[in-house]
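Asker: Chains as they are written, first to last, in our numbering: chain H, 2 to 215; chain S, 18 to 169.
Source of the hints: derived by calculation from the structure; they are not laboratory data. You can take every hint at face value.
Capping the alpha-carbon separation at 20 Å, the derived lysine to any residue pairs in SDA-like fashion look like this:
| hint | chain 1 | residue 1 | chain 2 | residue 2 |
| --- | --- | --- | --- | --- |
| 1 | H | Lys134 | H | Asn90 |
| 2 | H | Lys61 | S | Pro83 |
| 3 | H | Lys64 | S | Pro59 |
| 4 | H | Lys154 | S | Leu40 |
| 5 | S | Lys65 | H | Asp101 |
| 6 | H | Lys177 | H | Val118 |
| 7 | H | Lys116 | H | Lys180 |
| 8 | H | Lys64 | H | Leu124 |
| 9 | S | Lys65 | S | Gly89 |
| 10 | H | Lys61 | H | Glu75 |
| 11 | S | Lys51 | H | Gly161 |
| 12 | H | Lys154 | S | Asp41 |
| 13 | H | Lys205 | S | Ile43 |
| 14 | S | Lys91 | H | Glu79 |
| 15 | S | Lys86 | S | Pro120 |
| 16 | S | Lys51 | H | Gly142 |
| 17 | H | Lys177 | H | Gly115 |
| 18 | S | Lys131 | S | Pro88 |
| 19 | H | Lys154 | S | Ala38 |
| 20 | H | Lys154 | S | Phe49 |
| 21 | H | Lys72 | H | Leu92 |
| 22 | H | Lys154 | S | Asp36 |
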Amino acid sequence: MRDVENQAAANPPVTRPPDGNFNRRDFLKGSSAAAVATALATSATEAQDKQTKPNVVAAKAQKITLNVNGKDHEVTAEPRTLLLTVLRNQLNLTGCKDVDERDAAGADTVMIDGKPVLAGSRLAIECVGKKIKTVESLRNGDKIDEVIAGFVKHDGLQCGMCTPGFVMATRAFLDKNPKATLEEIQAGLGGNICRCGTYDGITKCTLELAKGGA
Amino acid sequence: MAREISWKPMGENTIIGTDVARLDGIEKASGFAKYANDINTPGTLYGKVLTCPHAHAKIVSLDVEPAKKTPGVKAVHIFDGGMVGTELEWEGALVAAVAAETPEQAEDGVRAIKIEYEVLEHFVDEADLKGAESGPSQESPRKHQRGRGSSP
Chain H
2 MRDVENQAAA NPPVTRPPDG NFNRRDFLKG SSAAAVATAL ATSATEAQDK QTKPNVVAAK
62 AQKITLNVNG KDHEVTAEPR TLLLTVLRNQ LNLTGCKDVD ERDAAGADTV MIDGKPVLAG
122 SRLAIECVGK KIKTVESLRN GDKIDEVIAG FVKHDGLQCG MCTPGFVMAT RAFLDKNPKA
182 TLEEIQAGLG GNICRCGTYD GITKCTLELA KGGA
Chain S
18 MAREISWKPM GENTIIGTDV ARLDGIEKAS GFAKYANDIN TPGTLYGKVL TCPHAHAKIV
78 SLDVEPAKKT PGVKAVHIFD GGMVGTELEW EGALVAAVAA ETPEQAEDGV RAIKIEYEVL
138 EHFVDEADLK GAESGPSQES PRKHQRGRGS SP
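Just chain S, with the same shape it has in the complex (with noise of 0.2 Å):
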């Protein structure tokens, strides 16, 4: 014989249905709260980050000395990938990256960094991808291996 189990009627349980506190309500609505980014300890350094503009390129040279005389910076890290030779395979890929007094002057710092890019071919859709595959391959083989999508 099954036992019939259910939950009692809504307002008599203890713990489900019943209101609770907004214990961050007021901190968080007043503006109170300190989120990570809110945190200012003397001394911190700001940071902004040099991306790769195009979709597929080659770093052929690049010089950071520009941005670490610029005024404020503190200090200039080269990505791994920001290493000259480097082939980056998406806008945005990490190159550089510049610490500085005031965000303003990060900025500055990444506009001073001097970098050429050899600029590559990159695929849209399938009609490139086709293009790609029929042509004549002084492309790495890599390159067919990465279409996504059907492919007849």
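Excised from the complex, chain H in its bound form (with noise of 0.2 Å):
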């Protein structure tokens, strides 16, 4: 690393009201977050850096709460905490998988206020009043949704790594698509990867539900 200047602005951290005012265009001019600055700063942003001497600090750690499975939490996060740390280190919620840096194989879907989306890609703050639901809701003690049922009789599963992922991008889908076709199911299962190739075993159970249920 040559560079050892730093090139953030020296705004001193901006604390936000976690509301619907949140603007992530105005949050990365104002927040001394490092690798943001340079990027997306304006002109205006750009000449108070050269005229000030450049200092990285974090934007510091907040508490918020976030609605997950139903329940409120108070969580601890920076600004650029993402949905799926909080979610895995904080609330112990591991179903959602950090596999890849690239946030590209769909083994962190959850679902946001019914829609399926990746953990990964999603700040934690900008998640603030909304309804998350991670795979462990699709679970109650012995009690299981239709769809984990249909992953374990077709055994669409083998390491597992991918399998929560899948299962939950499965919920979302048939919840849109209750009479899928396969090449519905083929494209609507599109965005989740799976390493040890389980994609026969997921595709026949969700044929099966879209049929018409196990």
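Reconstruct the complex from the two isolated chains, following the hints.
Answerer: Below, the structure is given as structure tokens:
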């Protein structure tokens, strides 16, 4: 790393109320988060950078409330902390997996306000006020969702790492497309990748559920 | 006289061809199964690694003190390959590791490390290798031995 000068603005961290006023652009302009300031700074902010001595200070961690699986939880998050990190490390909901830094595998699929979302693509603070559901919500003791039962019946899993993400994606997909065709299923579950190659079992399970249940 | 040995017809064997219950199926599919990376023991630190971004480089200087002073960082470790003067021979070679209380702080620690590389030449294909072999050999003899693939 040749460039040892830090490029962030010297502004103190902006504490934003976690409500609908959250605006990513303003946050990135005003905060001290190191990596983003240069790329997204407006000319005004850049001029300010050049005048003051740049100093990196990560925007402070703050307590926020996240509604997960029907309950409110108080967690700690820096502005840059991912929802995935909070779910796994603080709420111990490790069903969504931290598999891939490019966040392309779908193993971190959760549902936010009913839509399937990759938890690694969301900042924790931007999920405040939303209803978050993780794969753990599809099981209550011995009671399991039909998708989970179908995966087990058709052996749609091997190592199991991609499976929770697939289960969430399948549940969300079937909620929207209860009578899906094979082509629709293959396209609809295209956001999840499996290295073990369990697509056959997953497709059989989903087809069976789409045709009217196990 | 040879005795004929064969499997029983399918369905008549006691083990072969029978369904085996997927004992870990529900645990895995419901996200309850704990993998190594899922274990959250209180006090667990998170590690990030500084790796060489160059295919071939020498470490000229290394200062990990700024990493040690980064908030949340609890430890910094310099690998054997991270010693000053080491010639690193692939992108991704380990230099140093930082352990901190959150993954984000560990990454801050890695970014705070001051390191200077002398970037050296590296070979990508046969043309590179031929050029090096025919050129003046101020480079170490090891380089010529490293070439893979055919050469006339």
